[in-house]
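For the record, the sequence lines run as chains A and B. My numbering puts the first residue of the first sequence at 1, with every later residue one more than the last. My numbering puts the first residue of the second sequence at 1, with every later residue one more than the last.
Just to be clear, a hint being listed does not mean it is correct.
[Unchecked claim] Sample of chain A residues lacking proximity to chain B, with all beta carbon distances greater than 12 Å (derived):
#	residue
1	Met1
2	Tyr30
3	Ala65
4	Gly66
5	Ala90
6	Gly94
7	Ala95
8	Pro131
9	Glu199
10	Pro214
11	Val309
12	Tyr311
13	Glu323
14	Lys351
[What the hints assert, rightly or not] Calculated pairs, BS3-like style, for lysine-lysine (alpha carbon to alpha carbon, straight line, at most 27 Å):
#	chain 1	residue 1	chain 2	residue 2
15	A	Lys306	B	Lys261
16	B	Lys158	B	Lys519
17	B	Lys261	A	Lys254
18	A	Lys338	B	Lys261
Hints are computed from structural coordinates only; laboratory data are not their basis. Think of the CB as a built atom: it goes at the ideal place given N, C-alpha and C, for glycine as much as any other residue.
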Amino acid sequence: MRIVANREELYRGLQRLGGVVSSGTQQPLYRHVKMEAGDEGLRISATDLEVGLTLKVDGVQVEEAGTVLLPHARISPVLGATPDESVTLADADGAVVIEAENSRFRILGEDPASFPDLGELPEDGIVEVDPDVLQYMVRRTVFATADEKGRYALHGVLCVLGKEDTFELVAADGARLAHVRKKASNPAGVEGEFIIMREGLEQMGRLAEYGKEPVHFGVLENRLVAQNDAGRLVCQLIEGQFPNFREVIPTESKINIQLGTQALFSAVRRASYVTTQETRVVNFEFTTGELQITAEAADVGQAELKMPVEYDGEPASIAFNPEYIEDVLAIVERETVKMRFTDRRSPCVLKSGLDYTYVVSPVILEEPET
Amino acid sequence: MAIHILPSNLANKIAAGEVIERPSSVVKELVENSLDAGAGRIELELEDGGARLIRVVDDGCGMDADDLALAFAGHATSKLTDEEDLFDITTMGFRGEALASIGAVSHARIVSRTPPSDSGHEVEVEDGVISPVKACGAPVGTQVEVRNLFYNVPVRKKFLKTTATEMAHITEAVTRLALVRPDIHFVLKHNGRRVFNLPPAADRAQRIGEFFGREVADNLIPLAGREPELEIEGFLLPPSIDRRNTRMQYTFVNGRYVRNKTLMHAIAEAYRQLMTSARRPVCFLFLTLPPRQVDVNVHPTKLEVRFRRPREVHQQVLGAMRDCLRQARITPQVALAEPEPDPARESVRRAIGDFFAGQSEASSQGARPGPGGSGAPGRAPAAQPRHEVRFGNCMQVLDSFIIEEVADGLNIIDQHALHERILYNKTKPRLAEGPLNSQQLLVPDVVELPKQEFFAVMDLQEDLARFGLEMESFGDRSVIVRSFPQILGNFDAKSFFEELLAELEGPRGARKVDGRLEKILQLMACRAAVKAGQRLSPRQLRDLLEQRAEAGESGNCPHGRPTTIHLSRAELDRKFHRT
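Start from the sequences and build out the full structure, keeping to the hints where you can.
What follows is the structure, encoded as structure tokens:
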């Protein structure tokens, strides 16, 4: 292999792979980058056990086709720190020589044959989604997945392909759920659902960001493959039972209020400054024309914030983990959100636009007496 | 008072519902009957928290043979004749459901005598069969005996809680009735022991004192207000005497204990600005309205009422309370209220043997010495933490320990053990005040368990509820978890139960009630704490060390491992031969 590469382009590609390269003590293989130079230019790939990513690198002249496997942790900083505009990479006896005007590095590599085959986009059942739409959907859901303490199926995001080109993503962590529904071109009329690992979906969103063209994706056995002009992503699917999200979203609520996104975000964020790990609670209290948000921790202090709202029903209140409210308000762009709930013990719905629904379960502060 | 069967159209007007949920419901219904019968003295005798026996003896107007014959029939009441009466209720009971419902789920017997008659009569119901009325000797008044409650409803029976819990419910029920009628002599006995004996009190304040102790009695601020359609009287307490929940807000409407949103909101509103928002005021409010202004027939237990004009009631109650507080010169306080919980001073309740009585003593003793603590050769003793910390001079090492410079050397802290101890110390006093914050699950988590473990877990239901974990059985081996302790952050029910049973040494160990709460608390603290191997941000590091000072005693983790090892300057000097 022998290539002349635009250093910046190559370095950017390696950085983008950084999210997929394993850190820590796994097999060295998963800490390496495969570089493949051929007729179509240079492709670089990395994988941990679960997600694999291949990216095209622009600005590369291939002088001699070939494949090498290099440790990401070495090659990436070397290219990052090289001042020159272009660099030459060539293999030599299992190593790669990186040459620029005033520098020459020889980095030892591994046998490229040991790198696993990441798989191709399946031939049938391909769905096509607009890159902006995909990023919008990913941004609105991934944050709501469960962390490592939660139920396994909830570590991923449920992807639902339905009739009339509907494409839905659903993420939940037990106490909240985010649901976004858009359209994706689905000429084969594929219907079904599968759970994508959180990291995989994040990379899929990034792939959409790197490219300009629509993202094509399909499912092959237990893997999702997604591809666009920037590259290709392969991701393991999660086996497991995702809760029936349609049952979780309350259809009707007694109390319906429209709120300013920024004002609410600011009030909840400020109130949360006095919460602690043991009392991560903000209380919402609606009275005629006013929402009062309070928080308190015995060992910190208390906060009380007021904002005017259009409300003239009975006094109503509900309490939340402030993170759950901040998370969603931080990502919705619309000026207002609609909030609806029935009482202190039933789920609350936040809606932004017609296509986005966020459901959050309240924190119960005390047993109602019977 | 003559008893007759309600016309069926009227009976249907009254929503059917379960009146008898637990022994305390029986007690409430029977005592209400006694009050309606004009009793001056009501004596209650209970065995095994009411599960084995509830006996209510009064000196009221009694029932004659004809009344007794109908007493256990459905919708038999002496208190309501036609539909119009339903909207003009002046008696405590009226639905005619209570005795029939009680008779249906127990072995019950009534002995009664009216003042003019020379002898009494008795009637029994056993296995649903009502016996003929027999003459017998009896004092004037009525005695109702309810034995083996729920003997034929195994589900209910199984879900009766511990005797202490049922007694707490019963005491609460009697408290509510006795507060309304200080003129009545109440006696409550449990398993032959007298729990309380309250002779007629001079006034309500005296009775409140008998139930809730000196601190409350000495601070009562009397309140009185009169509006055309509403009379309010009662007592408020200054904000310094507060509670974590609203249970000490006793509200009565026309002599009936109620929980009503309008009233609760008015109370909260009156005390707003006067106390911190996590604390709740204490008050006793007695409202009298024309019966037509309030609907008590919302629920069979009559706990809920609806005002015909809630807005006005809200305004008037709030106005009266504000006036009262203003006159008592109670103005907003600037300083934060003392976070320490008030020691339970509810003298009557104390007699019942609160589960936490032993617990809170244990907590004040501080931690037990840990194994391998002091004295082990070659090992630094578990240090009492030094609080004179120079922040900034601390670092995390190996993602598990914190090294901290202190005035005379350095501390090596096990981050998990310290955090566990902090959470434990903070949570324990909080538990005595009421359930912990509970994060409701959006989707209830259903866990299937081996049979033995299933029963062990269900047995812990009530204990876990204190921590904010709500669950119920589903079929005969699955548990549905509806909410989890917020302190845990995130939750997987299956692994939680596994660890819980391991902590309790298996299903067998879980049945030992002693120290069970303690172990659950330890597990919660352990699960909620940062783990070894977890990288901490500088901010988290700082928080952890700051909290240590607030959390009090922190030398050992709840399991007894040391949280901190102290290396003194002298010891370091010695090791490096710097003499």
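- prompt: Can you name, in rising order, the numbers of the hints this structure does not satisfy?
  reply: When the structure is compared with the hints, only number 13 turns out to be violated.
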